[in-house]
Amino acid sequence: MQVFFSQEGSALIARVKGEVDLSTADRLRQELESSLEHARAHILCLDLEGVSFMDSSGLGVILGRYRRISQTGGKVVICRPQPQIRRLLDLAGLSKIMDIVEEEPQEYLRKAGKE
Amino acid sequence: MPKGNGEVLNTVRLEFLSLPENVGLARVAVAALAAQADITLSELEEIKVAVSEAVANAIIHGYGGEPRGWVRVTVNRLQDGLEIIVEDDGKGIPDIAQAMQPAYSTDPERMGLGFAFMQSFMDELEVTSEEGRGTRVVMRKKLNPSVTTA
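Quick mapping for you: the protein sequence lines, in order, are chains A and B. Sequential numbering of the first sequence, starting at 1, is according to the numbering used here. Sequential numbering of the second sequence, starting at 1, is according to the numbering used here.
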C-alpha cells in the first residue's frame, strides 16, 4: 500500500494504491493524520482508483478521518472507488455521510469551486 | 468432514502466526482455491473480504494483536460451493450475539462490520466460541456446481 499526497488550496488529495487491510490500515491512518495535520486541510479527497482490495480495517480509517475532519466543519470526498469497494462503502453506510464521486480529485475540486 | 453438500473436490489447510501480514496471505490462498471453481469476479471479491474479516478478528480479538498465536484456515471446495473454517486458540468471544451485531466494536477506529460483511458475502455463517479456548468461524458459499471432477 502506498499513499501519494498533493495539496490544492484547502484540499488535501491522497492517492491510495494497493491493498488496505489489517496489515496496512495503521500506516494509512498515520500517513493521513500527519499530512492532515501539516496541510491544515478542510477537504480530504481520497482517490481510491488504485486500491485493489479493502476490508473493514480500511473503512475504519476512512470513518476515523471523517469524524476528525467534520468536527472542524470540513469534509471527506471519496473519488473513483472500484466497484467492489464502492459496494463496501454502501454497505457500511459511508456513502450516506460522505460524497463518493467518479471524477478524479482535481476535476471534482474544479467543479466544486465553480458551484 | 465438511458439513456442506456435495463431494469434497479439494481441501487446503493453512496454519500461521497471528501477524497482520498473514491476513493477505490467507485471502490470496483461499481465493486461489476458490478460483478453481466456476466463480465470478464479484464472488471472488466477496470471499476475499469475508476471509480478511475472519482472520483479522482472530488476530485482533482472539489474540489481542499479540503475534504468537496460531490461526488455522481450512478451505473445502465442494461440488456445489466453498466452505471456509477460520479457527484460533485465543481468548474467545464472551457474547457472540452481541459481537455479531452490526457496528458493535470494542475499538473506535474499527467499524464493527466484520461479522456483517461475513454474513452479507457468504450464504451461511456459524460462530462457536469458548472463553479462554478460542473461536471457530465456519462460512459457506454456494457456487455453480462443478461439471468437472477433481
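I should point out that these hints are in silico values taken from the structure, not numbers from a laboratory. Every residue gets a Cβ at the ideal spot worked out from N, C-alpha and C, and that includes glycine. Hints are supplied without guarantee of correctness; some may be wrong.
Unchecked claim - Interface residues of chain A toward chain B, partial, derived using beta-carbon atoms under 8 Å:
| hint | residue |
| --- | --- |
| 1 | 31 |
| 2 | 53 |
| 3 | 55 |
| 4 | 56 |
| 5 | 57 |
| 6 | 59 |
| 7 | 88 |
| 8 | 90 |
| 9 | 91 |
| 10 | 113 |
Claimed, not checked - Chain A is nowhere near these chain B residues, computed Cβ spacing over 10 Å in every case:
| hint | residue |
| --- | --- |
| 11 | 8 |
| 12 | 21 |
| 13 | 23 |
| 14 | 53 |
| 15 | 56 |
| 16 | 64 |
| 17 | 70 |
| 18 | 114 |
| 19 | 123 |
| 20 | 129 |
Hint-by-hint comparison with the structure:
no.	hint	verdict
1	31	violated, 15 Å
2	53	holds, 6 Å
3	55	holds, 4 Å
4	56	holds, 4 Å
5	57	holds, 6 Å
6	59	holds, 5 Å
7	88	holds, 7 Å
8	90	violated, 11 Å
9	91	holds, 6 Å
10	113	violated, 32 Å
11	8	holds, 28 Å
12	21	violated, 5 Å
13	23	violated, 5 Å
14	53	violated, 6 Å
15	56	violated, 4 Å
16	64	holds, 13 Å
17	70	holds, 17 Å
18	114	violated, 6 Å
19	123	holds, 16 Å
20	129	holds, 19 Å
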